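A.B. asks: Now for the letters of each chain:
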Amino acid sequence: MTLSVASVRATQQRSNPIAVFLKRDIPLSIFLGLFILLVVGLLIGPWLWPLSSDAINLSNVLQAPSAAHPMGTDDTGRDLLARFLDGGRTSVFAGLLIAVIGAVLGCALALMAGSMRGWVDSVFTWLTNSILCFPAILLAMAIAMAIRPGVTAVVIGLSLHSFPWYMRTLRSEVMRLYGQDFIRSTDAIGAHPVRILLRHVLPHLIPTMILQMAAVFGASILSLAALGFLGLGAQPPTAEWGAMITDGQQFFLTGQWWIAGFPGLGLLVAVTLTTLIADRAREVLDPRSDAV
Amino acid sequence: MLSTILRRVGISLATIFGASVFAFILLRVVPGDPARAIAGDMATEDAVAALRADMGLDQNLFVQYWRYMRAVFTGDLGFSYSTGGTVNSLLGDRLPATIELGVLAVIFAIGTAVLFASLAVYSNSRWADRLLRTASSLAMGSPPFWIALLALMVFAVQFGVFPGPEGRLSPGLVPPADITGLYSVDALLAGNIPLMFNALWHLVLPAAIISIGPFAFLSRLYRSQLRSTRRETFVMVARSHGLTKFPVFNRHIAPHGLLSILPAGSLLFADLLTGSLLVEKVFGWPGIGSMTADAIIQKDFAVVQAVLLLAAVLYVVVSLLADVILTTVDPRTRVGAR
Amino acid sequence: MPVNTEVQRAGQEQSTATPVLEINNLCTNFELPGSTVQAVRDVSFTLCPGQRLAVVGESGSGKSAMAMSLVGLIPPPGKVASGSVKLRGKELVGLGDKEISAIRGKDIGLVFQDPMAGLDPLKTIGSQFVETIRVHQNLSVRQAKELACELLAEVGVNDPRRRIEDYPHQYSGGMRQRVLIAMAIANDPAVVIADEPTTALDVTTQAQVLELLERICDERGNALMMITHNLGIVRQLCDSVNVMYAGRVVEQTSVNALFNEPTHPYTKALLDCMIDPYTTVRGQLPAIPGSPPDLAAAQPGCAFAERCPLGSAEKICHEQRPEAVVLASGAVSRCHFAHELEGAQS
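Protein chains in written order, with numbering that gives the first Met the number 0: chain A, 0 to 291; chain B, 0 to 337; chain C, 0 to 345.
One chain only, chain A, in its complex shape:
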């Protein structure tokens, strides 16, 4: 009974997922709208907001939020809204980069492992297991130390940890698809293996991949900020939310909460939104599953 109702819903949604996303699921459209607003704000903000992010003004230090400086100023009198916008841009770009690099690499390896099986699969699985047993942040820290602290090193480090993660999820998805009748039948009618892979397997990986990209994006922004906080991420004068929190750390306990307060809030909102979007999207795609 309930089962048939759910499946009716599922088939309706499969027909045109994107239209249904926005039409039927109000929370998802709200979350997506807020997220797009945030990203667009961060991207065009620096053009709209006239103050520079690294203009030092010693006559104007540690100002509380006001109309002139909506997020206040720091101990060298820099406008924190400008720095917030710049820092957010750094985070969003780095997060996207990590999500995309990992997705491309991980997807390629998963397709190879899942279609070739045998020793290729074993070696790739061993490789991913070997990398995934390090915590992402620790790995990125070690790489930042070995190369040189900065956003580039962190992007490399986090991508190195994200691609095995994609690979692990997508590999099992590829395996599952190969077991299904529609792939077997295309194989049976003699379609070229590469054609099967690209035309019939790859498209079915996209939803899983996008959901995982959202998760990787959120986690990466957070990790980037964590490394920035530890002094291994963005280096001065580059603005970055994590590093801004470090800058504000000493003032936090003495009452100048805004220096570290706003970047932390920015992180919280950005990452929570991506989590909510991924959860909601997973639910809309497959109403019977529970988001984990």
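Each hint should be verified, as a subset may be incorrect.
Pairwise CB distance ranges, derived in the manner of DEER restraints [what the hints assert, rightly or not]:
| id | chain 1 | residue 1 | chain 2 | residue 2 | range |
| --- | --- | --- | --- | --- | --- |
| 1 | C | Ala286 | A | Asp285 | 49 to 57 Å |
| 2 | A | Ser51 | B | Leu313 | 43 to 51 Å |
| 3 | A | Pro235 | C | Pro76 | 29 to 37 Å |
| 4 | B | Val328 | A | Asp285 | 44 to 52 Å |
| 5 | A | Ser171 | B | Asn249 | 55 to 63 Å |
| 6 | B | Arg230 | A | Arg183 | 28 to 36 Å |
| 7 | A | Gly32 | C | Leu72 | 38 to 46 Å |
| 8 | A | Gly32 | B | Pro262 | 31 to 39 Å |
| 9 | A | Val119 | B | Gly9 | 49 to 57 Å |
| 10 | B | Arg230 | A | Pro202 | 55 to 63 Å |
| 11 | B | Ala13 | A | Leu33 | 43 to 51 Å |
Once the Cα atoms are required to be at most 27 Å apart in a straight line, the calculated DSSO-like pairs of lysine-lysine come out as [stated by the list, open to error]:
| id | chain 1 | residue 1 | chain 2 | residue 2 |
| --- | --- | --- | --- | --- |
| 12 | C | Lys85 | C | Lys105 |
| 13 | C | Lys85 | B | Lys244 |
| 14 | C | Lys78 | B | Lys244 |
| 15 | C | Lys105 | B | Lys244 |
| 16 | B | Lys244 | C | Lys89 |
| 17 | B | Lys244 | C | Lys314 |
| 18 | B | Lys244 | C | Lys122 |
| 19 | C | Lys89 | C | Lys105 |
No wet-lab data here; the hints were simulated from the structure.
Being a predicted model, the structure only gives us computed values, none of them experimental.
Just so it is clear, CB atoms sit at the ideal spot from N, CA and C, and this is done for glycine as well.
Using the hints, position chains B and C against chain A.
C.D. replies: Just chains B and C, lined up with the frame of chain A:
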């Protein structure tokens, strides 16, 4: 069952081997010269060369790896240039503080995740479920180091109910005699109850903050397992036998949820380590996390290498243990079919 | 509604016995966002001690939803919207969890469709059985275990004393269904509801489980409500039938009358779909054209009208809902042409 376990042990050993090679390559092959890093920019080329030879960096990579692993297996993790002691003694000093923090964080994380997810699912209320999911999404999105600052501002500075960033004990207090290295336990063993409470009092805030991340994913995991178990036929059957809601939840739904937490043990461990890396520094906690953060800033390769290796080995061991426990606890794998 | 009680009495074979279960105008809805699916619509019938009632119909006709509604086990968002279910005169609709739980398993036992998923894989058969017994009977664990062993022996589990310590995965599907039947009758219920108990089993096991059910009902004298879409099972096991279509009982009759003189076109169509290996022409499986109506949509007329060989042309079938018609044979049919159908056959 034994063959399954042996197979898992084999895979684990292969993974540890892979991880050790990976960690080794990472720190030796990437651009950058450990010897130069340690000696500093001002050192002469000769001095750096001497240091390089001393560290064995002039040998080829296989020899270096072989030497390093041989040393590790004899229990020698190397020399920490930044602190001037062996890595072993450094770890010995720092490990108990992190273990004490980690154990409490695990208790907090599992306790809150199980409690709140159970309440949300048992009450079957849409609002309770939404509240839980919002809380876990927020927990997932919260930067622990920032929350730590926030908590210090609110609880230590504003209200003064928890101590500030002063480490494991209030200033002036003498740590208890070293038995386990865990101050709260040692104080209890020494019969010094006020000292034990002081140690616990210092533990609560950092442990609670470290537990936020694990709470987020454990509560999601447990919630979704409870919800899918609730739809199982055997739950309906138990209800049809006349069991009321609570006994069915307690005896037939919750055990499946708890079982689902086991495989997440290794993730939990990784999360704890990450948490301690980020939170210990804020609280001035003398543990592995702050040690690692310092070592990385100081480019103390031996320490970083040891921590990487230790993290990987423990991760693999935890996931192996979780697997073995799962196969022994679950009757479907423990007892063969007839 | 006075019509209904009258209808029921007429439809019942054992009209003299006091019914153990009395269902009146039961309606069950599933409230979905944006629509309400009316799964069970105005169902009334009675079940007497010793009676073996079959409930037949296609998938989605509301058989299971009706059965679950009787014992308050309809899963959310489903809900009994109106009507009454009386067990020996005691109203069950609207009871709290505690009160209805005291009746489930004790007065009404249930057997479900999928025995493979019906037992908790983490608990031994014994502990689940003891739990089932001790909910309703004030016995020690040891006594309960003793009783469980007896019951397991009764349903044909060999060496119950050893097998009771086993886990569900160590039992085959047929054996699990036997265990579940034993659990359902452990507290001597007056009514056993079996919801397609053999559908998930292979054919030989099906026959054994049916025999077991028959024997148990013979020995214990409980009423049986058998939900099935298999008319063979109806003929073998039951004495009266409710035919359900689109949430309604469209025909209530005796098993003999069902096969000999169906008085609803849907019943006729169902019977025509039974495959007779001697007469069916190879390659031609009979089927009812069309598909069941959307249960969320309003139905002004007869729900079967679209697919009905009689009604598709008749205006009345599309516009007016057929009332229950009591026929001379005692059968009740919800068809505007029930009398004509009856007449055509005799």
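A.B. asks: Confirm or reject each hint.
C.D. replies: Hints versus structure:
1. C/Ala286 <-> A/Asp285: 49 to 57 Å: 32 Å, violated
2. A/Ser51 <-> B/Leu313: 43 to 51 Å: 47 Å, holds
3. A/Pro235 <-> C/Pro76: 29 to 37 Å: Violated - the Cβ-Cβ distance for A/Pro235 and C/Pro76, about 57 Å, lies outside 29 to 37 Å.
4. B/Val328 <-> A/Asp285: 44 to 52 Å: 30 Å, violated
5. A/Ser171 <-> B/Asn249: 55 to 63 Å: Taking Cβ atoms as reference, A/Ser171 and B/Asn249 lie about 33 Å apart, which means the hint is violated.
6. B/Arg230 <-> A/Arg183: 28 to 36 Å: For B/Arg230 and A/Arg183 the Cβ distance comes to about 30 Å; the hint holds.
7. A/Gly32 <-> C/Leu72: 38 to 46 Å: Given a distance of about 41 Å, which is inside 38 to 46 Å, the answer is holds.
8. A/Gly32 <-> B/Pro262: 31 to 39 Å: Check passed, 36 Å falls within 31 to 39 Å.
9. A/Val119 <-> B/Gly9: 49 to 57 Å: Hint violated: Cβ distance 19 Å, outside 49 to 57 Å.
10. B/Arg230 <-> A/Pro202: 55 to 63 Å: The hint (55 to 63 Å, Cβ to Cβ) is violated, given that B/Arg230 and A/Pro202 are roughly 30 Å apart.
11. B/Ala13 <-> A/Leu33: 43 to 51 Å: Given a distance of about 45 Å, which is inside 43 to 51 Å, the answer is holds.
12. C/Lys85 <-> C/Lys105: Status holds; Cα separation ~15 Å.
13. C/Lys85 <-> B/Lys244: 23 Å, holds
14. C/Lys78 <-> B/Lys244: Roughly 17 Å between the alpha carbons, so the hint for C/Lys78 and B/Lys244 holds.
15. C/Lys105 <-> B/Lys244: 16 Å, holds
16. B/Lys244 <-> C/Lys89: The hint holds at about 22 Å.
17. B/Lys244 <-> C/Lys314: With Cα atoms ~50 Å apart, B/Lys244 and C/Lys314 exceed 27 Å; violated.
18. B/Lys244 <-> C/Lys122: It holds: about 18 Å lies between the C-alpha atoms, which stays within 27 Å.
19. C/Lys89 <-> C/Lys105: Judged against 27 Å, a Cα distance of about 14 Å means the pair holds.
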